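Residue numbers (this note's numbering), protein chains in the order written: chain V, 1 to 253; chain R, 254 to 417.
Mixed in with the good hints, there may be bad ones.
[What the hints assert, rightly or not] Listed next, the in silico PhoX-like pairs over lysine-lysine satisfying Cα-Cα at most 20 Å (straight line):
#1 R:LYS295 with R:LYS329
#2 R:LYS383 with V:LYS90
#3 R:LYS385 with V:LYS89
#4 V:LYS90 with R:LYS295
#5 V:LYS89 with V:LYS63
#6 V:LYS63 with V:LYS90
#7 R:LYS272 with R:LYS329
#8 R:LYS385 with R:LYS395
#9 R:LYS395 with R:LYS383
#10 R:LYS272 with R:LYS295
#11 R:LYS329 with V:LYS89
[As the list claims (entries may be wrong)] Sample of chain R residues facing chain V (criterion: CB under 10 Å; computed from the structure):
#12 MET273
#13 SER328
#14 ALA331
#15 GLY334
#16 ASP336
#17 SER339
#18 GLY341
#19 PHE347
#20 VAL348
#21 HIS352
#22 LEU371
#23 ASP372
#24 LYS383
#25 ILE396
Calculated from the structure, these hints are not laboratory results.
Computed from a predicted structure; not experimentally measured.
Positions of the beta carbon are idealized from the N, C-alpha and C atoms, including for glycine.
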Amino acid sequence: MAFSRLPGDVISRIFSLTTPRDACRVSSVSTAFRSIADSDQVWLQFLPPDHCDGVVLPPISPKKSLYLHLCDHPIPVGGNRNMSLSLDKKSGKKCFMLGARDLTIAWGDDRNYWEWIATPESRFNEVAQLQYVWWFHIIGRIETSMLSSGTNYAAYLVFRFEGHQEGFDWPVESHVCIGSEELDEGRSVTLDPREGEPRAVRERAHGWMEIELGEFRNENGDDGTLVCSLREVVSYKSGLVVEGIELRPQEMH
Amino acid sequence: MSSPPSASASSSPPPCPKKMITLRSSDGATFEIEETAALQSKTLENMIHENCASTLIPVPNITGEVLARVVEFCSKHAEAGVDDESLGAWDEEFVAVDHTTLFDYIRAANFLEIPTLLDLGCQTVADMIKGKTPDEIKKTFKITTACTPEEEEEVRGENQWAFE
Chain V
1 MAFSRLPGDV ISRIFSLTTP RDACRVSSVS TAFRSIADSD QVWLQFLPPD
51 HCDGVVLPPI SPKKSLYLHL CDHPIPVGGN RNMSLSLDKK SGKKCFMLGA
101 RDLTIAWGDD RNYWEWIATP ESRFNEVAQL QYVWWFHIIG RIETSMLSSG
151 TNYAAYLVFR FEGHQEGFDW PVESHVCIGS EELDEGRSVT LDPREGEPRA
201 VRERAHGWME IELGEFRNEN GDDGTLVCSL REVVSYKSGL VVEGIELRPQ
251 EMH
Chain R
254 MSSPPSASAS SSPPPCPKKM ITLRSSDGAT FEIEETAALQ SKTLENMIHE
304 NCASTLIPVP NITGEVLARV VEFCSKHAEA GVDDESLGAW DEEFVAVDHT
354 TLFDYIRAAN FLEIPTLLDL GCQTVADMIK GKTPDEIKKT FKITTACTPE
404 EEEEVRGENQ WAFE
């Protein structure tokens, strides 16, 4: 009872210090809590700041609806719209995808090797389609200041195959680092494992697939630039289509 | 008897010479607090600057028991040379109290506009809510003015993902 007698804006502040999931749960506790827990005052705190770091939020009201919209509908970030932002529903943590145009792709400007095509299945204007290459090296960078603090992230390559695919049944080296400092020895990922071999590839929406490149914990967002890279420069490869690299918050245990 | 100059001389000096302020609770108890400590309360800061001559400030909304602890909190947080880790540990102990007392601290911090205490109190309660089911929340805070079963069903239906 003592809790309910606290001033409304104090209760609102308390709810906004929990998580979006907790705010929804607490809204089923009592009628008074429901109106506070559903209020704009609380949900504003779960949203990323508007007009900041290239983020412009759609004009959706109330704030809770805007929040839910951002969980299922990534919005473009920055002037050139080569990056997208969405939110992890339960925690409100930010999820970014670096579109292919935002990545550094070796030989990406040479149409002999990589083509840039528009496809309705992508949230971005263009995706990168590999014709063929021996020197396969893709790098994605994002400032840790853009990521949610106190959060474990994993990086994923978002891709599919098209046309004649070759060479991806061999492992590719992936690394997730801060600047040039490697966080661990990296790992080997196989985008197209042969039958019977372990498969770390997962299906995604709209015909895309993903594979985890590495993990990173963002404490305060002051670690500088996070660099995710994929590299295999020995064998002949073709048929890969890259939508981007996604940085997704991991559920805490 | 005037208090010795505080080591935290980096804050800009108030218009009046540094002194002890006396606070009087709703039940008539009085408590002395250094002005630098009192300035952590925006409410007290305004009152001090408005009326330099008087050193007795009535605080009608807060009982002696709670006010004593609030004075303790402000004094601790105004102390120089306390590292973040020790202060954090001290804060943790400060809020390790029963719920009624915790809410009293929050109410006092809200009324006196003490951001550090308000943040601490609110975060402590928030941490008690996190991860709990609605029934656990009701039980923890002894909430009796619950929703009707229909209303609860409605909320669950609208927010299914939160109840998974």
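Please write out, lowest number first, the hints stated earlier that are contradicted by the structure.
4, 11, 12, 13, 14, 15, 16, 17, 18, 19 and 20
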